[in-house]
Amino acid sequence: MAAHTVNRRDFVARLLAAAPDALVVTGLGSPAYDVFAAGERDRNFYLWGAMGGSTAMALGLALAQPDQSVIAITGDGEQLMGIGSLATVGARRPKNLAIVVLDNGHYGETGMQRSHASLGTDLVKVAQGFGIPGAQRIDQITGVDDLARRIVARQDTVFAQVLIDADEPPRCLPPRDGSYVKNRFRAALGFHPF
Amino acid sequence: MTTSTESPAWQKAVFDALKAGGIRQIAYVPDAGHAYAIRAAQADPDMLDTVLTTEEEGVALVSGAWLGGQRAALLMQSSGVGNCVNMFSLLASCQFPFLTLVTMRGEYAEFNPWQCPMGLRTQAALELMGITVVRASDPEQVGEIVSAALDSAFLAGERIAVLLSQSLIGRKKWERN
Numbered sequence: 001m002a003a004h005t006v007n008r009r010d011f012v013a014r015l016l017a018a019a020p021d022a023l024v025v026t027g028l029g030s031p032a033y034d035v036f037a038a039g040e041r042d043r044n045f046y047l048w049g050a051m052g053g054s055t056a057m058a059l060g061l062a063l064a065q066p067d068q069s070v071i072a073i074t075g076d077g078e079q080l081m082g083i084g085s086l087a088t089v090g091a092r093r094p095k096n097l098a099i100v101v102l103d104n105g106h107y108g109e110t111g112m113q114r115s116h117a118s119l120g121t122d123l124v125k126v127a128q129g130f131g132i133p134g135a136q137r138i139d140q141i142t143g144v145d146d147l148a149r150r151i152v153a154r155q156d157t158v159f160a161q162v163l164i165d166a167d168e169p170p171r172c173l174p175p176r177d178g179s180y181v182k183n184r185f186r187a188a189l190g191f192h193p194f
Numbered sequence: 001m002t003t004s005t006e007s008p009a010w011q012k013a014v015f016d017a018l019k020a021g022g023i024r025q026i027a028y029v030p031d032a033g034h035a036y037a038i039r040a041a042q043a044d045p046d047m048l049d050t051v052l053t054t055e056e057e058g059v060a061l062v063s064g065a066w067l068g069g070q071r072a073a074l075l076m077q078s079s080g081v082g083n084c085v086n087m088f089s090l091l092a093s094c095q096f097p098f099l100t101l102v103t104m105r106g107e108y109a110e111f112n113p114w115q116c117p118m119g120l121r122t123q124a125a126l127e128l129m130g131i132t133v134v135r136a137s138d139p140e141q142v143g144e145i146v147s148a149a150l151d152s153a154f155l156a157g158e159r160i161a162v163l164l165s166q167s168l169i170g171r172k173k174w175e176r177n
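Going down the list, the sequences are from chains A and B.
FYI, in UniProt numbering the residues of the first sequence are 1 to 194.
FYI, in UniProt numbering the residues of the second sequence are 1 to 177.
It cannot be assumed that every hint is accurate.
[As the list claims (entries may be wrong)] In the BS3-like style, the derived pairs of lysine-lysine whose C-alpha atoms are separated by at most 30 angstroms in a straight line are: (1) K95(A) x K182(A); (2) K12(B) x K182(A); (3) K95(A) x K125(A); (4) K12(B) x K172(B); (5) K173(B) x K95(A); (6) K172(B) x K19(B).
If you're looking for bench data, these hints aren't it; they were derived computationally from the structure.
Chain B extracted, bound-state conformation:
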């Protein structure tokens, strides 16, 4: 866990892309990689943030937002994708536009083996349920990739996930001094 309040530029680029793309609601199960977007949404009077008990709630919540005329995005960690699998059927059955931003675990300098079984299958699980996956690994490219995914979701009605590589987030410090 990081105690730093400084956020890397790519995290700010994520929020800026959501804001510029007209996202009015974010639903999330927290992750360190989404810390800036969550704080910024909480501080933004034109954006509502909803914390979830489990990620599948978010699939239904963002679809409800679209029913009500708003763009919404689901923010989660790779482990949460597994919690969503049946709820993803809602997206296909109704052709809801869908944007999720997924911070990855289990793939880069991972310390915790319990993260690997889901992290290594996150992309496959999304694709199995008909969601297009794009990957952001270069911090310079994150904002553009999120912005492009947002356009695909809300202009073309696609279901799309942006995987934010664990290498962006960096090595997790497990020892505390």
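One chain only, chain A, in its complex shape:
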């Protein structure tokens, strides 16, 4: 397997700059910090818990909003906890859904214990086996441009495993008031509180 060298903050910032209208759901922990560090957006929904839920949540959103690009941005540990949700995505295969796994092979939030992704699990093969044939591995920052093009094009479900380095950038904490983030996100799509 290729080396883990991609800088997570640079990658996420370039991805969102190239897909500025995308609806984003993050997994908890570092991916949420990365997305927030790239600039606050009403179209971001940050999980602070509910580990394993980001892909399924993005799926429900993508099915509800077929004309918008939807991206789940999460980590290897969070995706592994909800690994079955990749099969659920494969069963529906929405053209407008992308799953971007920032994979450092470790559980960063809890002290950098190794995850299955560095102990034998090949997430790209898992995604392909679950019915996402275009699943790809990205090991260079330059891979972000083609990934963003695929996301914006909305031609098929996208799965990208991004081999990020295990550095821990400074924490950059998004709002953790779930009701606020939910209502703001819906308002950006034209839905109002009851």
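Once you have looked at the hints, place chain B on chain A.
The following block gives chain B in isolation, referenced to the frame of chain A:
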């Protein structure tokens, strides 16, 4: 397992209530008691059905649907409630509206003792996580109870579970001829 394609009227009443209430997505782990709703959703061009590998995915999926402006419902069996417990925290943390329809096992003429530990604690587990529980046992009342729960979820923003009693579903036939 039933091989009959005939569905009881209460199962049709469930789907009719979901349809009339504007449900656009159902997420489910299958159960015989939900067979009609699943088939009907698959046949309905205005409704999407998503089969889950485990019920907790459905908690997140229906919340994502709401983020995107759609009403969605989670259909599962009582055993699945136990699979959802931590994911239910998403509902409370964000005050998502939530409607789940739960077919019960382990409580009425149960043959399989393995169904009982979760079935007998399903209501308590839901309530422990802040979800309001209503019960439907009379086939004549099922449609109205589902409709009322749907209103509570999507008009008042409540988190609500309708338990569909095992007596509605009837005795499971274990011997095949």
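Now the hints, each set against the structure:
1. In summary, the hint linking K95(A) to K182(A) is supported, as the alpha carbons are separated by about 24 angstroms, within the 30 angstroms threshold.
2. Between the alpha carbons of K12(B) and K182(A) the distance comes to roughly 33 angstroms, so the proposed pair goes past 30 angstroms and is violated.
3. Restraint check: the Cα-Cα separation between K95(A) and K125(A) comes to about 20 angstroms, which is no more than 30 angstroms; the hinted pair holds.
4. Distance check on the hinted pair: K12(B) and K172(B) sit about 20 angstroms apart at the alpha-carbon level, within 30 angstroms; holds.
5. Between the alpha carbons of K173(B) and K95(A) the distance comes to roughly 42 angstroms, so the proposed pair goes past 30 angstroms and is violated.
6. This hinted pair checks out: K172(B) and K19(B) have alpha carbons roughly 28 angstroms apart, not beyond 30 angstroms.
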